[in-house]
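**Q** Sequence:
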Amino acid sequence: MHLSRYFLPILRETPKDAEIVSHRLMLRAGMVRQESAGIYAWLPFGHRALAKITAVVRQEQDRSGALELLMPTIQSAELWRESGRYDAYGKEMLRISDRHEREMLFGPTNEEMITEIFRASVRSYKHLPLNLYHIQWKFRDEVRPRFGTMRSREFLMKDAYSFDLDQEGARHSYNKMFVAYLRTFERLGLKSIPMRAESGPIGGDMSHEFIILASTGESEVYCHRDYLDFPVPGPGTNFDDANALENIVSKWTSLYAATSEKHDRDAFAAVPKDKQVTARGIEVGHIFYFGTKYSEPMKAVVAGPDGTERPVHMGSYGIGPSRLVAAVIEASHDEAGIIWPEAVAPFDASILNLRPGDSACDVACEEIERALVAKGKEPLVDDTEERPGAKFATADLIGLPWQVIVGPKGLGQGQVEMKRRATGERSSVSMEDALRMLVGA
RNA sequence: CGGGGCAUGGCGCAGUCUGGUAGCGCGGUAGUUUUGGGUACUACAGGUCGCAGGUUCGAAUCCUGCUGCCCCGACCA
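Under my numbering, read the first sequence as residues 755 to 1195, first letter to last.
No lab work stands behind these hints, which were simulated from the structure alone. Since the model is a prediction, treat every value here as computed from it, not as a measurement.
Straight-line distance between alpha carbons at most 27 Å, and here's what the computed DSS-like set of lysine-lysine pairs gives:
(1) K1029 / K945
(2) K1016 / K1005
(3) K945 / K1131
(4) K880 / K1053
(5) K945 / K1027
(6) K1005 / K1029
Please model the entire structure based on the sequences and the hints provided.
**A** Encoded structure:
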């Protein structure tokens, strides 16, 4: 992509409404534009970041055995009356009516709808376990949206719903998601720690929030230092091996970890002093088991091996990709701008043509771009008429992992300059070496 | 939902108290200049001063009502 033909409305000055760093940087880097309180348009650059995140989320959901579908944003009030939540949900639910005065709503979540889909077709335990997920826009009419896409009213969410015959099966389903989440956040370049969360009406220990550590995070978290070095299960993990998963989960829940709401001073004090970590974090995922809360009132029942019908045991599992974009930036930025982790970067590298119009520079940029594209990489070539200084500032702001600086000076020596955004490290290398560094050959 | 604040060109702001031809910086366009960390100069374009009423010879400015947005708190993925 050539910057001169791209749509990247960079802001030089900081918009006054943006309070936290991710919001500031997302606006400055031309990623999003607020259209209304807590409602954002995703501009091309931001949209790419969002797409990178959903791709990773999707791959890891699929790997765990979950099946993707897509449910509508608009739901009927009828469904919610069945579960009793239509009245219970309160003003956070955006209620609307259609031309026939039928009561509709913009879905804040999909438990009712997925339960309805399930009960319509599944009657036997032989079709279990089942985990269905979708990645869809949700709306929660927050009293006070803030922090940009971190806490917006309209937000993208991956929500998965598991169905099992009994609690034991549900535990396995829960563990699959637990492991998938560890893998997902790791791939996004984030250090995530599962923390015990409010378990709801069922009780038990099957509810966790996944918190990522970020110095500018929204809330205080406390955990055992060893979590930071726990190995994340690899891509070869066998999700059908219930025991193996149980071992992973019990390891990842063996040490102290809590958000400020669940913080237990005494329990934390029992952690060796040098292992105590107090940090700031952002919740990026939430998983929980809720048993038959919806299957019972909505009559989602299956026949067991003994032929008797019983309500299915369910769990639900959420990740907010639109929130994650902001969370990634909170966790990875500096004074100059964003520092994208490789997996999330909207493009792989900036190629800065310091003197467009100079045929040596133009040709060199062209060659590097072509070579990268041939290797499946996505470079962004800055071929604008800006001054070099402005280009450096822009490249740092938008934060692609690599900057390839192509100018007449370097080319005179047959070299280009490579800059690693994360470390600021630079080196002058030949074009061949530059390509090798970029494709990791 | 309580408390506070803001609304003037794409962005950031001054002007409002004390009514009298709407300004500054950034950005944009054209040109000159410059050429490896946001270059300098010149010219130009761009605004129903959030909306609706009212007071007045005259309203961005005073009065009334409304709307939108932001911040703190309570709440939440």
